[in-house]
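Trainee: Chain A is already provided as a structure; the job is to place chain B on it using the hints.
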Amino acid sequence: MVLPNRDYFLNAKNLKPTDIHDPEYFHKVVDCQYACPAHTPVPHYIRLIAEGKYSEAYMVNWDSNVFPGVLGRTCDRPCEPACRRGRLGGEEPVAICRLKRVAADNKDDVMSRMPQGPFPSNGKKVALIGGGPASLTVARDLAPFGYEIHLYDEQKSGGGFMRSQIPAFRLPETVLNEEVGYILDLGIHTHFNTYVSSLKELLDKDYDAIFVGTGAPRGKDLPDLPGRWDTNANIHIGINWLSSVAFEHTKTIGKNVIVLGGGNTAMDCCRTARRLGGENVRVLVRSPFSEMRASPWEKEDALHEDIPILDNHVPKSFVVEDGKLKGMTFEKVKAIRDENGKRQLIPTGEPDVFEPADDVLIAIGQENSFPWIERELDLKFDKWGMPEVDKTTFASSNPKVFFGGDAAWGPKNVITAVAHGHQAAISIDLLCNNKDLVKDRPSPMVNLVSQKMGIHEWSYDSHVVNDKRYTVPMAEKSVALKSLKKEVELGFSLPTGFKEAERCLNCDIQTVFTETKCIECDACMDVCPTSCISFVDNQENEQDLRQTLKMPALNLSQDLYVSGSLNTKRVMVKDENVCLHCGLCAERCPTSAWDMQKFFYSVTKAGKHAATAQL
Amino acid sequence: MSYLKPKFRHPESPKNKLGYTLDYYEGSLSTLCAGCGHDSISASVVQACYELNIEPHKLAKLSGIGCSSKTPAYFLSNSHGFNSVHGRMPSVATGANMANRDLIYFGVSGDGDTASIGMGQFVHVVRRNLNMVYVVMNNGCYGLTKGQDSATADQGSKNKSGNVNPFDAIDLAGLALELGADFVAQSFSGDKKQLVPLLKAAIKHPGFAFINVISPCVTFNNNVGSTKSYDYVREHVEATSTIDFVPEMKEITTSYAEGSAQKVKMHDGSFIQLHKLSQDWDFQNRFSAMKALNEAKQKGEILTGLLYMNSESKDLHHTIDTSHNPLNTLGKAELCPGAEALEALNADLR
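If you read the sequences in order, they're chains A and B. Residues in the first sequence are numbered from 0 upward in steps of one, following numbering that gives the first Met the number 0. Residues in the second sequence are numbered from 0 upward in steps of one, following numbering that gives the first Met the number 0.
Looking at chain A on its own, in the form it has when it is part of the complex (with noise of 0.2 angstroms):
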């Protein structure tokens, strides 16, 4: 008798296998890189860490987001949070951040591995207006195929916010020339000292395409508090300030300083006033002390630096007397939640405190701000003053003119900018080409393939780990405090990175599951240390799915893989959960329906988009 194909039995309701074709289904796996605003192949370049590759590192760092030495000190790390090992149980994320800084700080001569010029052109001329980090991406992507990119800022020197708000002893100056340099070398045409004053000059120029990444340059003031217009000398806008710390216009600050504001700026400028002199620096923040914007780590460090950060203060008042600062009054709050989850701030009724001080930063955040831009021309803006931009093409409604950075929609970091620069460059180029910017768009570049070596070999180190996260040494406080230069954190020794690398689960190296192959013999469920994998009668749906696995799929977030109906009509099911990527399910499998395969994905960078698209 012939049997019906085993499909036939299948309840058509059931859950559709996973496609695993799809490249986002994998990319998802790999957290850190999903999590990465420019998906950076973290895992890749840890493994090239780990084998002492550290020039190779670089590079892949370098090809993704364009600053490995700068954000290997200073981002935001959306990765960390997402990493897998942090979902273990009492596990830290690895260090992915501070591990980039061992490849940039160890690497060798990598100029030989850059795209070489001069490039033959190819007639087409681009202007880039602010010189951070969103402008420097485009200018780098676009520069290899021939463009002529013309660089305009007002500072002496390419690097935008990097240069100008973040300290020297987070991120020494040498680093950020040396990588501001790879790109200006490319046959960049900088105009320094060069403040764009309107667009319209620009559009009459003969551009064929203008970037705008101008960042978010206004820091907010507290025009409206009383006392405020008192006296100027001593209220000082944080990013300003910072800005005027570092192109060393400012050089000191009284003794006893109040900044203001919860963020990764009021940090820099309160661990940068202790370096000017100042000796009673506290934070005061509005905020609960874990509800506060900065990262956790930019709050330990100026803790570090005997900073106190006092929460739950708003201010009230700027006292002043005699024109002179005196000190502020802050009126003492709590946090409550109302029963939309919205927070408010209510006072808590205790007296007013005063705190004095010599000077006051304010770094409660900072607005875009566009008077260059004549209103008049074809260029919408919101009610917010803000430019209409597309949020995947980076165009304005002036089909010529691009935003990226914080330009496009406020303030956010240094990985986002490059990311956005990345995509402006993708849509300059299509425009050059004559291309539609939506549907000539160049699909991710991904691959997958067996890491198989011998039955029990793999060509990755499938062996997990169980250290701790390791921390970065840093230089003694009493030397660091005395200098505004000398780097705080003196980064990963290298057999520490090394083994800070190996913490790393290699969340790349996929679990590719083929049903027609599986005997359904139970040894990858029997020796799965985390019990992901489970082989369960198909649901209609997945949240019954996510019930009746062999520990139940709680995080949705994560996605189930779901194979096809097997022989017994059931189906294999795994929680991308907490799967170590330890391989175990494919060496125990005597099948091979699991196999553990490298999955690489990259975003397609500017210049690659007739080949790549119609692949």
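Since the hints were derived computationally from the structure, they do not count as laboratory data. Hints are supplied without guarantee of correctness; some may be wrong.
Simulated crosslink set (DSBU-like; lysine-lysine; CA at most 30 angstroms straight-line) [stated by the list, open to error]:
| # | chain 1 | residue 1 | chain 2 | residue 2 |
| --- | --- | --- | --- | --- |
| 1 | A | K467 | A | K379 |
| 2 | A | K52 | B | K6 |
| 3 | B | K298 | A | K568 |
| 4 | A | K516 | A | K467 |
| 5 | B | K69 | A | K516 |
| 6 | B | K262 | A | K549 |
| 7 | A | K411 | A | K27 |
| 8 | A | K481 | A | K325 |
| 9 | A | K379 | A | K438 |
| 10 | B | K157 | A | K549 |
| 11 | A | K382 | A | K411 |
| 12 | A | K106 | A | K379 |
| 13 | B | K4 | A | K451 |
| 14 | B | K157 | A | K516 |
| 15 | A | K155 | A | K15 |
| 16 | A | K434 | A | K204 |
| 17 | A | K411 | A | K485 |
| 18 | A | K254 | A | K219 |
| 19 | A | K498 | A | K106 |
| 20 | A | K451 | B | K159 |
| 21 | B | K4 | A | K549 |
| 22 | B | K4 | A | K27 |
| 23 | A | K451 | A | K411 |
| 24 | B | K157 | A | K568 |
| 25 | B | K192 | A | K516 |
| 26 | B | K69 | A | K451 |
| 27 | B | K296 | A | K597 |
| 28 | A | K516 | B | K262 |
| 29 | B | K192 | A | K15 |
| 30 | B | K145 | A | K467 |
Mentor: What follows is chain B alone, placed relative to chain A:
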């Protein structure tokens, strides 16, 4: 090759009543062939002991020689263990049990270890009704010596090199029934839903509990024509029943068709609820079970599930009226009662 299993477990792993997670009952990483049915049985043992809240130091694993007998290294690392001589596991189990009746004795053997070299030991341990679990991981071949047919290989079964077995198989479950075993079950390594409750019931059974588990040898006996391959067993398995092992008397919430569910109380207050799938057989009647087994054999079916159980079983300690306390807890006073007691004993024998 990975010799170490990563230490990480699922962060939400539940704890049993003793506060242990499942991994506390695990053993070291298996060195058996990938896909071996034995590994699946080991996982079921781990699961059963975890669910029964067994304190690992209250259990002794005993085995003979063979692939099957290696498995105690792969479960219950925190328990006692004795890897004995080929086919002689029952002797060691008997000695240990006589010395300390307070432990759970979990014997693991294979078809070679039981049906060939250890047959003499096997039949006597059944006959004596030693209080232990005796699991045979039955793959119908000698996997450790490259897959020759074993005494449980079915007549007509084809081995990997293409030879057809001319001899009739020894039916271990039938033999155990014949010899008077009070707990006889058959199962399949690939059916944990059935095997785990069977193991739990076997551990709780107050006498000799025998489970014959068909466990495919993925390297030497998983070919087309073999009657012990994953595919063949799945196609020919005929489950007699499903059982639930319920640790203590409580209201039964699952309802079965009338007449199909039977409830048997165990000596410690726990009970087994059996849901019969075939009607014409009584699992508390030895002859009915033997008849069912024979009929299945003629139809070419592999009967699995709890085939026979006598919950009133009286074990060896009861039969020979031994001390209620384990020997290792007896003091000098009990063990050397003195010259007067000897005199009295001698006087009795005159």
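Trainee: Now, for every hint given, state plainly whether the structure supports it.
Mentor: Results of checking the hints against the structure:
1. K467/A to K379/A: Roughly 51 angstroms between the alpha carbons, so the hint for K467/A and K379/A is violated.
2. K52/A to K6/B: 29 angstroms, holds
3. K298/B to K568/A: Roughly 25 angstroms between the alpha carbons, so the hint for K298/B and K568/A holds.
4. K516/A to K467/A: 38 angstroms, violated
5. K69/B to K516/A: 28 angstroms, holds
6. K262/B to K549/A: 28 angstroms, holds
7. K411/A to K27/A: 22 angstroms, holds
8. K481/A to K325/A: Holds, at about 26 angstroms.
9. K379/A to K438/A: The hint holds at about 23 angstroms.
10. K157/B to K549/A: 36 angstroms, violated
11. K382/A to K411/A: 20 angstroms, holds
12. K106/A to K379/A: It is violated: about 45 angstroms lies between the C-alpha atoms, which goes past 30 angstroms.
13. K4/B to K451/A: 19 angstroms, holds
14. K157/B to K516/A: 22 angstroms, holds
15. K155/A to K15/A: 59 angstroms, violated
16. K434/A to K204/A: 23 angstroms, holds
17. K411/A to K485/A: With a Cα-Cα distance of about 26 angstroms, the restraint between K411/A and K485/A holds, given a limit of 30 angstroms.
18. K254/A to K219/A: 24 angstroms, holds
19. K498/A to K106/A: Distance of about 18 angstroms is within 30 angstroms: holds.
20. K451/A to K159/B: 26 angstroms, holds
21. K4/B to K549/A: 19 angstroms, holds
22. K4/B to K27/A: Distance ~26 angstroms between K4/B and K27/A Cα, so the pair holds.
23. K451/A to K411/A: 41 angstroms, violated
24. K157/B to K568/A: The given pair, whose Cα atoms are some 27 angstroms apart, holds under the 30 angstroms limit.
25. K192/B to K516/A: Holds: K192/B and K516/A sit about 23 angstroms apart, inside 30 angstroms.
26. K69/B to K451/A: 28 angstroms, holds
27. K296/B to K597/A: 49 angstroms, violated
28. K516/A to K262/B: It is violated: about 41 angstroms lies between the C-alpha atoms, which goes past 30 angstroms.
29. K192/B to K15/A: 25 angstroms, holds
30. K145/B to K467/A: Violated, at about 45 angstroms.
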